[in-house]
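Novice: The listed protein sequences derive, respectively, from chains A and B. So that you can map any letter, position 33 of the first sequence is 33 in our numbering, and since no number is skipped, the others follow by simple counting. To convert a position in the second sequence, counted from 1, into our numbering, add 113.
Do not take every clue at face value.
Sample of chain A residues at the chain B side, in silico, Cβ under 7 Å [to be verified]: (1) S51; (2) N71; (3) E82; (4) F104; (5) P106; (6) L110.
Computed beta-carbon distance windows for the label pairs [to be verified]: (7) A:T101 <-> B:R190: 17 to 25 Å; (8) A:I12 <-> B:G166: 44 to 52 Å; (9) A:R15 <-> B:P153: 38 to 46 Å.
Partner residues are not named here, just some residues of chain B that face chain A (Cβ under 8 Å, in silico) [claimed, not checked]: (10) Y138; (11) Y140; (12) L157; (13) M216.
Source of the hints: derived by calculation from the structure; they are not laboratory data. These figures come from a predicted structure and were not determined experimentally. Beta carbons: idealized from backbone N, C-alpha and C, even for Gly.
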Amino acid sequence: KAGVTQTPRYLIKTRGQQVTLSCSPISGHRSVSWYQQTPGQGLQFLFEYFSETQRNKGNFPGRFSGRQFSNSRSEMNVSTLELGDSALYLCASSSLGAGDTQYFGPGTRLTVL
Amino acid sequence: AQSVTQPDIHITVSEGASLELRCNYSYGATPYLFWYVQSPGQGLQLLLKYFSGDTLVQGIKGFEAEFKRSQSSFNLRKPSVHWSDAAEYFCAVGPLGGNAGNMLTFGGGTRLMVKP
């Protein structure tokens with residue numbers, strides 16, 4: 001089985017712009033979670049989607065949003081980018097739902113200038 | 114609120130030496146526990162997980178971890194470290210299930226360096 005794929009792998013944006021990141025889960029997986037990784041804050045949970053519904057949300061401002069499509073692919077969007085949004089954004093997928101093992105993609109490295 | 118503490122930010126060991134990475138968690142009940150490894154510029158790879166049952170868990174690459182409920186710990190061990198084990202290691206806890214979903218709480222990570 002192919003693993004979790006994320007596109008693009010690298011992205012450079014300027015402050016005030018918006019960005020959309022994409023995640024394709026492992027085939028058959030219905031849960032997709034997003035995490036932000038920064039040197040200062042470490043790995044932080046953004047949100048989780050299961051069967052096209054947001055099931056959990058972390059403590060991030062409303063500028064961070066996401067969605068999941070019927071094929072389980074997910075996108076996250078960040079509007080009005082700030083310098084502090086520079087991070088590695090990781091997507092993880094799992095199959096059965098709550099508590100199941102999450103498999104991570106390679107991440108999208110976002111740099112905000 | 115759940116939390117995970119990895120007390121050691123950096124650890125250096127000699128190749129062939131044994132390794133133990135510490136992880137302590139705070140949670141209302143027995144959580145799901147995980148260890149992940151991250152090489153530079155890469156995503157996270159699952160080493161092992163504990164859900165229930167035997168408290169000594171075997172993982173990939175020769176790693177094992179022991180769940181100790183009384184100490185709220187889930188330490189990762191390897192009897193003989195290889196140079197390729199140099200990476201950052203993350204301990205994580207997850208909810209028990211139901212509507213709690215798949216939100217993982219991660220520790221701050223331990224960066225392992227291996228001396229030749």
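Novice: Take the hints in turn and mark each one as holding or not.
Specialist: Hints, one by one, checked against the model:
1. S51: violated (12 Å)
2. N71: violated (19 Å)
3. E82: Result: violated, 23 Å to nearest chain B Cβ.
4. F104: This hint holds: F104 of chain A lies near chain B, its Cβ roughly 4 Å from the closest one there, short of 7 Å.
5. P106: Cβ of P106 of chain A sits 4 Å from chain B, so the hint holds.
6. L110: violated (14 Å)
7. A:T101 <-> B:R190: 17 to 25 Å: Distance hint for T101 of chain A, R190 of chain B holds at roughly 20 Å.
8. A:I12 <-> B:G166: 44 to 52 Å: holds (47 Å)
9. A:R15 <-> B:P153: 38 to 46 Å: violated (27 Å)
10. Y138: Result: violated, 15 Å to nearest chain A Cβ.
11. Y140: violated (13 Å)
12. L157: Since chain A brings a Cβ to about 4 Å from L157 of chain B, closer than 8 Å, the hint holds.
13. M216: Result: holds, 5 Å to nearest chain A Cβ.
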